[in-house]
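K.L.:
Take a look at the letters that make up each chain.
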Amino acid sequence: GQSLEQPSEVTAVEGAIVQINCTYQTSGFYGLSWYQQHDGGAPTFLSYNALDGLEETGRFSSFLSRSDSYGYLLLQELQMKDSASYFCAVRSQAGTALIFGKGTTLSVSS
Amino acid sequence: DAGITQSPRHKVTETGTPVTLRCHQTENHRYMYWYRQDPGHGLRLIHYSYGVKDTDKGEVSDGYSVSRSKTEDFLLTLESATSSQTSVYFCAISVSELAEYNEQFFGPGTRLTVL
Numbered sequence: 379g380q381s382l383e384q385p386s387e388v389t390a391v392e393g394a395i396v397q398i399n400c401t402y403q404t405s406g407f408y409g410l411s412w413y414q415q416h417d418g419g420a421p422t423f424l425s426y427n428a429l430d431g432l433e434e435t436g437r438f439s440s441f442l443s444r445s446d447s448y449g450y451l452l453l454q455e456l457q458m459k460d461s462a463s464y465f466c467a468v469r470s471q472a473g474t475a476l477i478f479g480k481g482t483t484l485s486v487s488s
Numbered sequence: 734d735a736g737i738t739q740s741p742r743h744k745v746t747e748t749g750t751p752v753t754l755r756c757h758q759t760e761n762h763r764y765m766y767w768y769r770q771d772p773g774h775g776l777r778l779i780h781y782s783y784g785v786k787d788t789d790k791g792e793v794s795d796g797y798s799v800s801r802s803k804t805e806d807f808l809l810t811l812e813s814a815t816s817s818q819t820s821v822y823f824c825a826i827s828v829s830e831l832a833e834y835n836e837q838f839f840g841p842g843t844r845l846t847v848l
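Listed in order, the protein sequences are those of chains A and B.
Each residue of the first sequence is one higher than the last, beginning at 379 in this note's numbering.
Each residue of the second sequence is one higher than the last, beginning at 734 in this note's numbering.
Okay, chain B solo, but in the shape it has when bound (with noise of 0.2 Å):
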């Protein structure tokens, strides 16, 4: 376990609203991501951060932005959303002592449905 929490663990919204999911960890790690899960597409980037207030995107990127404003704290944000977001959304952590940053932690994940 280390220390990743997500919120809101599920969560039910209409196509246009904005949506924000947070992932909080507690171990000051600098490498955060965050990553969509759809049946037949496996875990998916959509964007990581590499330090406070430094974000890139991934391959999945359009419609979601993030921030990072403090270490611990990880947003991602839909700013206006669409069906096709509808997900599992899980949020993860590397340490650079672990496999070269390949051993990642995982968060619960949150359950997104846009109707």
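So here's chain A without its partners, still in its complex pose (with noise of 0.2 Å):
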């Protein structure tokens, strides 16, 4: 099967960084990616990873590493309004849907 781990839990002050990580287990892969949700909202597409390396978008960097099944995001320069919850996904051995991690809560205090 395909499944995911990435920690349940992660705080920090503005203006830090702060890094999630992901570990995944899948028969076929096609690319991991992340998607942030705020309370409330749905979830918004950040990066996405096919190749070993560092993707960066501004403020956020993906990196993954295919040989570990392993996976982060960096979030840079925190302000209080990246407090959301952060997922970790593979497309499904399946077809194109996505197989989801549990979730990551940031918190961002000041």
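Keep in mind the hints are simulated off the structure, nothing from the lab.
Since the structure is predicted, the reported quantities are computational estimates derived from the model, not experimental observations.
All residues carry an ideal CB built from backbone N, CA and C; glycine is no exception.
Careful: at least some of the hints might be erroneous.
As the list claims (entries may be wrong) - Going by beta-carbon spacing under 10 Å, a handful of chain B positions derived as facing chain A:
| hint | residue |
| --- | --- |
| 1 | Tyr764 |
| 2 | Lys786 |
| 3 | Tyr834 |
| 4 | Asn835 |
Stated by the list, open to error - Okay, derived cross-link-like pairs now, SDA-like style, lysine to any residue, Cα gap no bigger than 20 Å in a straight line:
| hint | chain 1 | residue 1 | chain 2 | residue 2 |
| --- | --- | --- | --- | --- |
| 5 | A | Lys480 | B | Lys803 |
| 6 | A | Lys480 | B | Pro772 |
| 7 | B | Lys803 | B | Asp787 |
Hints given; two lone chains; assemble the complex.
P.N.:
So, in structure tokens, the structure goes:
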């Protein structure tokens, strides 16, 4: 089967850097993606890694190591508005649907 | 905004009653998905569709059925609602050109309570 593991909670202060790790088990690999979800809102896409290495999008970066079945989301210069849940996801072996991790709740304090 | 709407946005119903949730998209995308979200479980796939009348089961499909008679509409039906189906339901679409289907766009969600 397919599964993803990520920490349930992370706390940090404004201006800091935080890293959210994700390890996955999957029979076939079609990329690792990250989603953000604010309380009461819908998940929104943040980033996608198909190949090893770092992808940077503004204050957010995502890293992938396929040999280690591991990735992380790096959030820099944290702001209060970054307080949200973050999900890693892989594509389902059966098709185009996504399998999500259980999510990491990030709390940013001042 | 990928033009995805869900209706109703909130619903309270009683155990044993049938419930249908609607997902509507305006951009004629082929792939559509229904997920449920529960505390401690993240998002779990219920059913998905890869075209009109083409659907398949996901991880938690028991107790749910779907239909897609038009490209723009994907319906999720709970034939006989149970309290364990109290959840937030999200519809999503994906576009092949965007990160090989890894980028999905989600609707606003439907909060369903089964008493």
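K.L.:
What are the numbers of the hints that this structure violates, sorted from low to high?
P.N.:
When the structure is compared with the hints, numbers 2 and 5 turn out to be violated.
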